[in-house]
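> Chains as they are written, first to last, in the UniProt record's numbering: chain H, 1 to 660; chain C, 1 to 660; chain S, 1 to 660.
If you're looking for bench data, these hints aren't it; they were derived computationally from the structure.
Hints are not guaranteed to be accurate.
Because identical chains share one entry, a pair is satisfied inside a single copy or across any pair of copies.
[As the list claims (entries may be wrong)] Keeping only pairs whose Cα atoms sit at most 25 angstroms apart, straight-line, the calculated SDA-like set for lysine to any residue is:
#, residue 1, residue 2
1, 56, 183
2, 372, 544
3, 158, 105
4, 372, 638
5, 303, 271
Treat the numbers as computed from the prediction; the structure is a model and nothing was measured.
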Amino acid sequence: MTTWPTHLPGLAWGADYNPEQWPEHVWSEDVELMRRAGVNLVSVGIFSWAKIEVSKGEYRFGWLDRVMDLLHAGGIRVDLATATAAPPPWLTTEHPEMLPVRADGVRLSHGSRQAYCPSSPIYRDRATALAAEMASHYRDHPALAAWHVGNEYACHVKRCYCDTCAASFREWLASRYTLDQLNDAWSTAFWSQGYTDFAQVLPPRVTPTFQNPAHVLDYDRFSDDAILELYKAERDVLRMVTPDVPITTNFMANWTFGDLDYWKWAREVDFVSNDHYTEAQSPDRHVELAMSADLVRGLAGGKPWLLMENSTSAVNWQRRNIAKLPGEMRRHSFQNIARGADGTLFFQWRQSRGGSERYHSAMVPHAGTETKVYREVCEVGAEYGRLTEVVGSTVDASVAVLYDFQSGWALRQDAHPTNDFDHYRHVLGYYKALWQAGVTVDFVAPGTNLSAYSLVVVPAFYAVSDAHAAVVADYVAGGGHVLVTYLSGVADQHTRVRLGGYPGAFRDVLGVWSEEFHPLREDETVTLTDGSTASLWTEHLHTRTADTVVSYEDGPLPGVPAVTRNAFGGGVAWYVACDLDEGGLSRTVENALSGAGVAVSRSPIELVRRKGDVSFLFAVNHTGTDAQIEASGVDVLSGTQVSGRLTVRAGDVVVLREEV
Amino acid sequence: MTTWPTHLPGLAWGADYNPEQWPEHVWSEDVELMRRAGVNLVSVGIFSWAKIEVSKGEYRFGWLDRVMDLLHAGGIRVDLATATAAPPPWLTTEHPEMLPVRADGVRLSHGSRQAYCPSSPIYRDRATALAAEMASHYRDHPALAAWHVGNEYACHVKRCYCDTCAASFREWLASRYTLDQLNDAWSTAFWSQGYTDFAQVLPPRVTPTFQNPAHVLDYDRFSDDAILELYKAERDVLRMVTPDVPITTNFMANWTFGDLDYWKWAREVDFVSNDHYTEAQSPDRHVELAMSADLVRGLAGGKPWLLMENSTSAVNWQRRNIAKLPGEMRRHSFQNIARGADGTLFFQWRQSRGGSERYHSAMVPHAGTETKVYREVCEVGAEYGRLTEVVGSTVDASVAVLYDFQSGWALRQDAHPTNDFDHYRHVLGYYKALWQAGVTVDFVAPGTNLSAYSLVVVPAFYAVSDAHAAVVADYVAGGGHVLVTYLSGVADQHTRVRLGGYPGAFRDVLGVWSEEFHPLREDETVTLTDGSTASLWTEHLHTRTADTVVSYEDGPLPGVPAVTRNAFGGGVAWYVACDLDEGGLSRTVENALSGAGVAVSRSPIELVRRKGDVSFLFAVNHTGTDAQIEASGVDVLSGTQVSGRLTVRAGDVVVLREEV
Amino acid sequence: MTTWPTHLPGLAWGADYNPEQWPEHVWSEDVELMRRAGVNLVSVGIFSWAKIEVSKGEYRFGWLDRVMDLLHAGGIRVDLATATAAPPPWLTTEHPEMLPVRADGVRLSHGSRQAYCPSSPIYRDRATALAAEMASHYRDHPALAAWHVGNEYACHVKRCYCDTCAASFREWLASRYTLDQLNDAWSTAFWSQGYTDFAQVLPPRVTPTFQNPAHVLDYDRFSDDAILELYKAERDVLRMVTPDVPITTNFMANWTFGDLDYWKWAREVDFVSNDHYTEAQSPDRHVELAMSADLVRGLAGGKPWLLMENSTSAVNWQRRNIAKLPGEMRRHSFQNIARGADGTLFFQWRQSRGGSERYHSAMVPHAGTETKVYREVCEVGAEYGRLTEVVGSTVDASVAVLYDFQSGWALRQDAHPTNDFDHYRHVLGYYKALWQAGVTVDFVAPGTNLSAYSLVVVPAFYAVSDAHAAVVADYVAGGGHVLVTYLSGVADQHTRVRLGGYPGAFRDVLGVWSEEFHPLREDETVTLTDGSTASLWTEHLHTRTADTVVSYEDGPLPGVPAVTRNAFGGGVAWYVACDLDEGGLSRTVENALSGAGVAVSRSPIELVRRKGDVSFLFAVNHTGTDAQIEASGVDVLSGTQVSGRLTVRAGDVVVLREEV
Ligand SMILES: [Zn+2]
Ligand SMILES: [Zn+2]
Ligand SMILES: [Zn+2]
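Bound conformation, chain H alone (with noise of 0.2 angstroms):
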């Protein structure tokens, strides 16, 4: 099977490219600016649905045609989407019933993008059909590199619930409980919920007061299945005709989203390939650009994954869309070639005049080439050029995240004991502190076999199976290192919470138990023994084999252990029971990375080395200062020999290839 876009030169370099938005003859000028650009790989056709099946059956390849010869004649490989991303008005006119509803009964228009309902038999009908046809057309065009199905899938409409999808579900939960087990996994004898048929259970619409968590829990994991079958649907249709054509769907595994399952859909893609944007209010944008990366890295098992979006400077949909400053673009995509990534593009091409996103920066500006923007994006494309070696290299790693989107999706129900705790933020805080340790980390699923691992980062790893806290205790016990983070192992995979002390799940390989949460008041926070503060979240923690690292000296719980340290089997498992301020996790992540023999370096730059036959040493400085550090080698970028000490100057790159 084939796993990566098709005859690409070296690293991936290009965009989204929409030329139905242009008159015709811009788009020979297009693929000359693409040419000076270095760009190598485009996207194409994602929302062009409406220009292809102008009615139902009746298919316009025409225009299309003459795009993808151009791009083949100009030597660049595209990767062609099946354009079903956004159904068109003249569908979604003849079929409302497709589009999606919500949980207020409130029937969404087209109008925007991407309306449809996830269950909905004509969108998977027409969509395939229009996969099929792409793909008997496009099977033996030169220029086809990979396949782009669908756009972002459950960006905007997270969760259907119209009556489709409620028969649907329905389904779903009948081929996983009896109702016995329904009630029993879902605890409805609370609140006098119980079902005596399937035809009484309902998507979780609006009601009265706080709904049954596993209930919406359920919902949310049915909906992420229902999307993938779509998915999986057009994928097949493809594999059938072009089985040498690798298929991706290009995943949001970021800040700004968290509704799939992404563990799950990368098992069913070719290659993976990820969207990427900063959050203009942070300072610390490239720390979240680096996780996302790293989590991406993992989402592709270690192998080299696409960058299929970014900006290359501001984006439209923030409060302040900030625009990024002269070198900021080209740390940001260095970040993600050093992170793994064998390509970057970027939304997109060239800057819309109209729609929505005209203010969504692009490789070529609404004010044309003699910009910023373009000069960078030259710039950077020719340094991609000159790291063809790179490619098929991966990122070795000793220490190990487990992330687990689906107890993100159990914290963000309300009825908690704070509403203030933010799943993917919380996981920042660990990684940032790794992060500023010089520590290059993998992203593991729950259930990944982790004795690769020197340590392992656990955080709020809440709505847990018996396997798998199974298998972190085994890792420990075999001799593994872990740091748990508060509100793991509280919870089964019904979000049941684990009876007799918390951390239900882990309080053997802890050697703790807490007979309470105690969040604190808003503005409110607790001194530590070490000096540290905590705000939000304490509990009232009992040690019983663990010893007490920090303990509080003020607040609810004064002498209660804070953070503690447990000798369990073989190995060491550290428990982080409040939440610390960024010095006190700084502290107590260092400490458990030293304990598990890890090296901390404290750098002012960031440094990931790529490995392959040789050993490349990516070195991004994103600070205001010139900065040294130990390395040998040569300069790849500018081809001089670096011996023992290399400058990385202030917002600079380099990529050393290394001398051993």
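For chain H, the structure is supplied; the task is to place chains C and S with the ligands on it using the hints.
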């Protein structure tokens, strides 16, 4: 008529008990742990409809029989629910028309709790049928101590806007008004709203802009009545079958709720019970608790009442759910007893494993019995056992607060001089001043004969009928003292403004008139002549016969009276025309108290007396410092003799059987 | 054609008069109190539909006849409403399909006011029938001075999304576009939105994500047109019956509203009238009032206009409704007269006892006539009586502000570089700088010939047609001076971005181009070379022929021009590319004024001249300190002679008949 749960050994102590959430083998452990904790009363079956009536008319009592028998064998009395709070899914699936509808027309789903339209004949029929079945099945069960009808009526579905409600509302109106009277009472000449047929009247659904205030207020009254009818329908069924079993339903007379006029409801129950949960974020949570307790004693007409629900520690529905500190649950419990409760129960006995309230604390936490919570539960249970002679004693007060739920309804509407007025918190401000002055107060309804009181505080008694206004005036004329606060007497019972100067209904008794309201800007404060400040509210006030006590030094109304005092007939009437800061408010209240001959004692501890054959002094120290008061008698909890000087330790509670 | 209410004795002074809210015996007192207050014009019947047409076609004029006769006997003229603003409940009960529908599909109810769909044939038929009936009934009534059609069109129902509107919208589109033109104008190639039949086009109802910006903007235009058609239908009926009675409808050209393009509406009324209420929380409420007055004078083409509604004191619909201080209503009144109003009326005559606006101030307060409000009403009424010779005079200005309502519509959409831009407040910032410089300005529409002005300010003129852009360029080429602010000229009339560098439409005349927008982060400011600061907005600007006046010292764009000045043809064009602080903005505006030869006089008092046969100087002192200016003439209000030096006391107003 029996007016208290039967055969209790003393103060009631216990919880909601929901055995259906647990396997049967847990039930006997429950009874054993209840006995250890001194539990003598539990509420059973509140959310058991789905377990009892498994399809229409098919009742399953076996499991509940076993629970009742076990409890009885353990000597625990049962407050048995009619189980009608939450209709089961099979019923709402068959009759979706019984589900409630929001003002925007969205019909709510089942899947949480208490999803029914208060006007639904289906709900009413099935609920009364179930109540009848419960009554006939358990009429002779020896554990049956009381009936618990429904649960927290209107907690979530405060108002329903469906067509069934619309029809009922029209009948409700037609029985009170002719069309001409309706148009007059509602001032429909404004904005062309005149009705020419009752059939044109709708619930106040969503409209282009502000709704008719009298319409909305009457819909509040109608809804309250409709919900009360549901309670009465079940009560009448029960009373017929078990005339000797007292009947109650749990009120929510507290900061979280204000949608029912409990003065009306209190007349319909055999004993008053109430639910109370503290506001985690507030440092004054125990003061609000005291106000709620006094208000409930008022609803009970001074007779003992039952705290049906409170929490041992955290709840699960606030933004941050703060656990109680050691001693806090105990102090809260004794505060309620001190203020007239003859027992306090918790939600719930055993913390749920699943469902929406699994993070709500209970008597037996997730972590089990070796916990602060269960230990304190056992301790207080034992202490309650020493207070049997308190049962039936009452609380005397020489000061009253006139509390009007319906003025709260009128004032929460928009299009008032400010939207930042909160009726309950306004009353709480005055209550706190009285609490700090060591004064125990009664709460009384509009229209209550006030002659027994030395001072009556009348806070924001806004929508006042002539008859209710006359009661206040007559009381003062006859020698009484009142302290009236701004926004009182402004409108009649249809929220029509009383003309000729504010506050129309009380202008004469107060000896003032106000020509215009002058709310202050956000963040604006003005200084008064006594050094205090006001924010939110001032008025352009003129005295007629009153004396000015305090006036404004700056702001929009320099020199204008802010607090006045008027001799009227044999009595005195104070008016507070602005929103005073805490110091100014305390000073004013204490001046009024002194003038009325009420002693003020600013003790650091909360002191309340209950009197029967003897007098019990309850002393609760909410501070972190030991405190002393002068008192003599027997410390009932410890058995020690106190002569003249009683020390109440930091955080402690003392109950003294006083010597005269 | 008559263009002013007939037979007025001088400046109009009065209010909305709603006698149907009061018993008939109050009416004669009303007329007596009106006479005492100098009232000479009242608007009657605005919300009287339900009282006049009590069922379909059954009209009851008796009560209104008596009102009209009483007013006439009292010498008070009547601005008679067609009474169509709020359909009565009997009509909407019979025709619920005439009620408006929200974007989420919720149909609004009657029960407040103005509940109708602008496309409803039912509403239109019944409203024009009523207007016809009113016209024929009162055509010869001697009190009839003018017609008042509807009321504050679109105030609450800004847009309706019902199926009737959908059909009308499609017709509106089909009369303007072919399908191809529509797809092109709306850029539907983006996101697969291409329409193949007009039947597929919907109102912009709720969608999964951002809607098509050109679609939304056209729906704004369609809705504006549909509402204007309603006005015109009534007007045409009236004009046929009473060709000599002038017709108006009250606009809301002020900070609270922006949903109608009043430039279009102004062409359809016989005289322009406007409603204005100040923003209680703003310390600059009188500056915004001045801007609104100048804007309305612009709408009136420089001819006198009528302030149809304002408030004597507080309103009832803001969060805190602040009462006016003594003198404030008087200053507000004279500000309007100074800026071209030939009269000012209030909402309303007598403060309502009931209904949603009972806390809105009036000429006669709840408290009666012995009040600050009524006394000041009488005082100003008397003063107006001394200003009869002002009637008909006009205001000269050498500076204009180009104001485009539709750019406001385009910019309030989401998915722009920032969501924090407010079009009206942006213009107000520039207006305030001009006001502080003592410069009286005209407001002009896009496309207006500008040659009469020395300087034209062009703030955020965003969506600009080629023709409108050319008017600006031609003006400068011909010697004019313009000051253009950021976000101007960026897009065409379909909000398609003009390519080749911002601000596309004005790049040449300004001599600059901008390669990228750089909005700033929340709370971020940058420093400029003249010491001022900018927030919210900066741009990566390049000069071509322009000179840099001020540039950035720090932030994302150090050294980049922020304010530029370009000599173009015979004129000068300034560009302000950032959001300047108040000081920087004033400095820039004053530089532009000086450059254009406009005198700046920073007086502490507001000075405006009206000129007819003689010149009247209006001097309004908004400060708490007496102020002096050089002036000579007769103080019209006091009758005293002023020679050279005029003192305007703190808070006072002077009107001087100037000597040359
Ligand atoms: Zn669906
Ligand atoms: Zn209902
Ligand atoms: Zn409509």
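> For each hint, tell me whether it holds in the structure or not.
Evaluated hints:
no.: 1; hint: 56 <-> 183; result: between (44 angstroms within a copy, 19 angstroms between copies)
no.: 2; hint: 372 <-> 544; result: between (61 angstroms within a copy, 17 angstroms between copies)
no.: 3; hint: 158 <-> 105; result: both (15 angstroms within a copy, 21 angstroms between copies)
no.: 4; hint: 372 <-> 638; result: within (21 angstroms within a copy, 67 angstroms between copies)
no.: 5; hint: 303 <-> 271; result: within (8 angstroms within a copy, 71 angstroms between copies)
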